[in-house]
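Visitor: Residues per chain are reported as follows:
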Amino acid sequence: MGKPLELHPDRLFPADANCRTVARRLYNEVKGLPIISPHGHTDPSWFAENNNFSDPQALLIAPDHYLLRMLYSQGIRLADLGIPTNSQIHGGEKVADPRSAWRLLAKNIHLFHGTPTGFWLNHVFSDIFEQTEQLDESTADHYFDSISEQLQKDEFRPREIFDRFNIEFLSTTESPIDTLKHHQKLRDSDWNGQVVTSYRPDAVIDAEHHTFQQSLQFFGELTGEDVFSWTAYLEAHRKRRADFIAVGATASDHGHPTAQTANLTTAECQQLFHRIVADQVSPEDAELFRAQMLTEMARMSLDDGLVMQIHPGSFRNHNQWLFDNYGSDKGADIPKRVEYTNALKPLLDCFGNNPDLTLILFTLDESNYARELAPLAGHYPCLRLGPAWWFHDSPEGIMRFREQTTETAGFYNTVGFNDDTRALFSIPARHDMSRRVDCSYLARLVCEHRLEEADALAIAIDLSYNLPKLSYRVSDAMGGDR
Amino acid sequence: MGKPLELHPDRLFPADANCRTVARRLYNEVKGLPIISPHGHTDPSWFAENNNFSDPQALLIAPDHYLLRMLYSQGIRLADLGIPTNSQIHGGEKVADPRSAWRLLAKNIHLFHGTPTGFWLNHVFSDIFEQTEQLDESTADHYFDSISEQLQKDEFRPREIFDRFNIEFLSTTESPIDTLKHHQKLRDSDWNGQVVTSYRPDAVIDAEHHTFQQSLQFFGELTGEDVFSWTAYLEAHRKRRADFIAVGATASDHGHPTAQTANLTTAECQQLFHRIVADQVSPEDAELFRAQMLTEMARMSLDDGLVMQIHPGSFRNHNQWLFDNYGSDKGADIPKRVEYTNALKPLLDCFGNNPDLTLILFTLDESNYARELAPLAGHYPCLRLGPAWWFHDSPEGIMRFREQTTETAGFYNTVGFNDDTRALFSIPARHDMSRRVDCSYLARLVCEHRLEEADALAIAIDLSYNLPKLSYRVSDAMGGDR
Amino acid sequence: MGKPLELHPDRLFPADANCRTVARRLYNEVKGLPIISPHGHTDPSWFAENNNFSDPQALLIAPDHYLLRMLYSQGIRLADLGIPTNSQIHGGEKVADPRSAWRLLAKNIHLFHGTPTGFWLNHVFSDIFEQTEQLDESTADHYFDSISEQLQKDEFRPREIFDRFNIEFLSTTESPIDTLKHHQKLRDSDWNGQVVTSYRPDAVIDAEHHTFQQSLQFFGELTGEDVFSWTAYLEAHRKRRADFIAVGATASDHGHPTAQTANLTTAECQQLFHRIVADQVSPEDAELFRAQMLTEMARMSLDDGLVMQIHPGSFRNHNQWLFDNYGSDKGADIPKRVEYTNALKPLLDCFGNNPDLTLILFTLDESNYARELAPLAGHYPCLRLGPAWWFHDSPEGIMRFREQTTETAGFYNTVGFNDDTRALFSIPARHDMSRRVDCSYLARLVCEHRLEEADALAIAIDLSYNLPKLSYRVSDAMGGDR
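Residue numbers (the numbering used here), protein chains in the order written: chain A, 234 to 715; chain B, 234 to 715; chain C, 234 to 715.
A portion of the hints provided could be inaccurate.
Copies of the same chain look alike in the list, so a pair counts if it works inside one copy or between any two.
Below are the BS3-like pairs computed for lysine-lysine, each with C-alpha atoms no more than 30 Å apart in a straight line [stated by the list, open to error]:
id	residue 1	residue 2
1	K264	K386
2	K236	K264
3	K264	K340
4	K386	K340
5	K340	K327
6	K236	K386
7	K236	K340
Note that these hints are calculated values from the structure, not bench results.
Predicted model, so just to flag it, every value in this text is computed and none were measured.
One chain only, chain A, in its complex shape (with noise of 0.2 Å):
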């Protein structure tokens, strides 16, 4: 027998029993509304083809590098959890089954107190599964029948779960070499799910890249554009982005090593491209290419409306022999330091004083919060702050980020919530989190007397709902044949 399994109502909110009211108050104003999910990983295939999940390890455990970077991190195998290694190198090596793979979740969930992890595992199994006790190894096997039976029914199903979740605007990522095919087949369909994309050309962008060549190959035939000379490279952009507006598209992602952008001369940018396309690029000329091409997009953004994003500091695959083993996305991306103040100083200068550009930008680097993010946000009009990010996607992260961007860059300059997360089951729990930790943070000044009760209620709206809407030009997605 397992543990009893609540949600305490209360759970996230300041222990200080008046705070702890005045959150409860203005929780219960924005727990109904519905999600806008304008940034993050789901996998579009999911919605198009609307086929049921599998199995509690392909929905909970596979695809959440959270889980995995903790577990594996106390040497737990990856295997053992049930991921494929690369079968050129471990062909042999056992991978376990789904139930196996569960057990060892369940006899380690230890490792996840206090983490947001937990949190939003408990959620999962309490709200959407509706089990009764915590997982433990004593209750593995319960859980893992019981969800794998509730998986296969209808109302399990991607669909189904997107409209039970009252998910109103959700946006996938996809690269510049994809079809959208599945974006299509959504728009074809009769299910009103708004389910979009987002531009997101890192891979043809980064000629780091392992795959660089391929990708700008790949990039020029789906576009028809002789990719390989400048101008023509630009017009392929504007092509796909073009694209993707057709699918619902309303912002680009830019998830690059730092912030760095430049602002080269035309003549500058032929000699650097032609260098770019060479066989050996040097370090220095891929990020000055990178620092280019953000300012490339941005005045693209100007034309098309798209609104921009930056996500820099993430040393992706920084384990080597896991990344050889097992691939990217297995939780061993590692934030660097990032500088801004200096970095997006060209861009700025071009286009800073623009309010018809909105850039969007993000950290992994917190120390950046109050020295330039929030000054530079609460000054420029074309920038605005993305929320907490990944490893600060959570309470004391969240908290961390409106304490230290509030006083200077208001929460106007703030655009709500982004789950980020290719973690379906997991998106309620995300913004629920949210929405609890930014009303307890709002009591706090309510508490403190530096905010009004009725203004605090109005932010924590706008915070949960009109914000993302409307920092990310929601409302023209959701019109009828654009």
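Following the hints, position chains B and C against chain A.
Guide: Coordinates of chains B and C only, in the frame set by chain A:
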């Protein structure tokens, strides 16, 4: 009808009932202490001429870059806030009249929810101009008329306001090429208000400043020194420091891009200075010269007793277009990361162990509080920590300062509060915020049994009054005919 | 008469009444657990000789650099605190007698309000020396006499104090050129106290250390190896590590300026070592050699089982004048910014995925907690996070550590507390502070419904006792005749 405007007596105190009670008791003992304002940017002509302010826009919008930056960040043009553009460029652009600008502020007042600007404004509205309804679109005209009317009264003139605010000492900031005529006039007047100056020589030290060569020229004329030779240049500084001291200065102030110091030989100084006064200066030379001049200023301080302040890390006029069109101090300065441990070593190797020097360090990079600044100030006899500065001069910012410096540097290596403002009417609000937050921090220590309440009270009084006087050697300036 | 001195039973617990109640319950279960002190700097001769301490100055002032630095920062000369100067330079300078030094501390005790030093001192005064009045000028002589008298008793000798403090395991730190005679004497004695050593090879690894060449010479003599050849130099390390293990060592420790690691080929290592043992070493070579040696040490750890610790980022002896006149460890070390993500990659590429290696990371740069350290430790099997260190070993510092690491790394990638002290009598105070703050953090999670109290209790016990034993492989040292 607007919503009622009331300043809650417990504002900024902790939400916890016990802590709040202690904070109240501490605050009651310090709220009435005179204001020591040893670092700020009010205009000495206000006090020298004692003319009435014209209207709310001129008093509360135009000089307040916190306010301008937030409104600008949301796409509001500065011209629409009544800020004149550079006429050569925008000869024809319409600048809003004061009442229209005021209405625009009123319409957007929600942007300041949860910000220190919102707190300061409400304090001024309620406490000084006795408004009883909140500023919004419905009350904008009433506010404009009411404040305009009050501003014409004698008791709202600068000297009367100064006395009403219970300011014991206030320092403005002037450049070495200022004639000090306003301060001289103040000295010659029969008014007893202690308004003094500070020596801020950046204009004749920063070779990258666009008016450096002209400033140097004028520096020579004012001092009668051939300031294009190193020895005479230093002598010119000594003369002007003496001039500043003669009108009450107790401190110098240095707003450098970095905290870099240097300790060159005389021969190296002469060669460097030779390159500095030439037409084209390299960034490296400019940086090295600023670095060396901090050490020279420290040396002079040991002779003439001026307390030295370093304010590093602001990227001034980051927005080139705004600077070209509207000039400086419009809210477009952005903080940068700053390093202290290595940067200060050359100066500290010279004078760090001399307790006769007082060198007050500020930062816009809070990651230095616990890492570099508290350890440095908690060791070197010459060093003290300036208060939370600029973007961090806010409830959360002041709290972080105490939380991150006290355990290593204690309270007695800090110097109390600086308002650092050109917004005269906000001075009491700013000191009140600081006192409230310090008392809240102390109250928490008391309630966590980390400090006895009697000791907390002594510290609260020291932070509010004694430490600023002592650290800035204010008693020196109080005396008769120095 | 002094003010009463009482240690409040709820000290350091949260101010909120509910959280305090939970914290009390958790603390009651861990307060009596034995002390595991796997990293510190007490003198092994104390335990080997078991002589009485002479007086309060020698016991409490002279070895405590926290105390010295704060007093020095306020202009108090070290000689006046009884610290002898380098006689060649200050042959004639008067060094205060112990009683005068003690009076000077008493007079300035207010400087320690709100600091961990103040907390530790009061704990020692009250709990160990049974003082009932606070230390101040009026009680200074009474304190001096009372403590001096007690120190002469048998029960205040080092071994008796060790047993009274309920210390189960204590590690000192020695250099490879230490003969380990005190530890050998301890092993040969009939006392059962587990006092062991740690291998800290900085003196023979840091080519920039001013005694490097002599240390190397002595390293060769002790090991009988020709340590000026790369192969034999490594062999000398292996021999000495075995010597350390023979007297109980379970860990090595590395106090480098940075966290840089390297992975050179054998040929590159030999060429680098050739340059390192030559007379003039470039800073780049010195850094590269330290970097490579971290990787070599990790390799040896996989053979001999020593847990590895990296303590980077302290600028040792920052104050040149103080170092010249008073030597090291007088409170003049200053933290610097540190980078981990890139710096550790070479070592992690070699051994990062091997759970048989335990590499414990420390920092003086808190901006790394959430950005680099928790993500690294939350992924790599070999990595663990050391506790809040040195300047951050304080109520706020320990709390920030938990708040900024738990959500990404969890509790089980941390290793419990290190007192890291040479102040023997403060050891219980330091562990008590850590346990109280951890319980306060856990209590807040419980009250915010982020953790169940039963789980919090298990974690509190693990943090206080089980994790330090496990992480430092303490049971290995406990055994019989190893």
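Visitor: When no copy is named, should K386 and K340 be tagged within, between, both, or neither for a Cα gap of at most 30 Å?
Guide: within (28 Å within a copy, 52 Å between copies)
Visitor: Could you figure out if K236 and K386 sit no more than 30 Å apart (CA to CA) within one copy, between two copies, both or neither?
Guide: So K236 and K386 pass the 30 Å test inside one copy only (27 Å; across, 53 Å).
Visitor: Should K264 paired with K340 be assigned to within, between, both, or neither, using CA atoms and 30 Å as the limit?
Guide: between (33 Å within a copy, 29 Å between copies)
Visitor: If the cut is 30 Å between Cα atoms, do K236 and K264 qualify within a copy, between copies, both or neither?
Guide: Both: 27 Å inside a copy, 27 Å across copies.
Visitor: Within a copy, between copies, both or neither: where do K264 and K386 come within 30 Å Cα-Cα?
Guide: This pair counts as within: shortest intra-copy Cα distance 27 Å, inter-copy 52 Å.
Visitor: Evaluate K236 and K340 at a C-alpha cut-off of 30 Å and name the case that applies: within, between, both or neither.
Guide: within (14 Å within a copy, 54 Å between copies)
Visitor: When Cα atoms must be at most 30 Å apart, do K340 and K327 count as within-copy, between-copy, both, or neither?
Guide: Result: close within a single copy only, 20 Å intra versus 66 Å inter.
Figure legend: structure checked against the earlier numbered hints; every hint is met.
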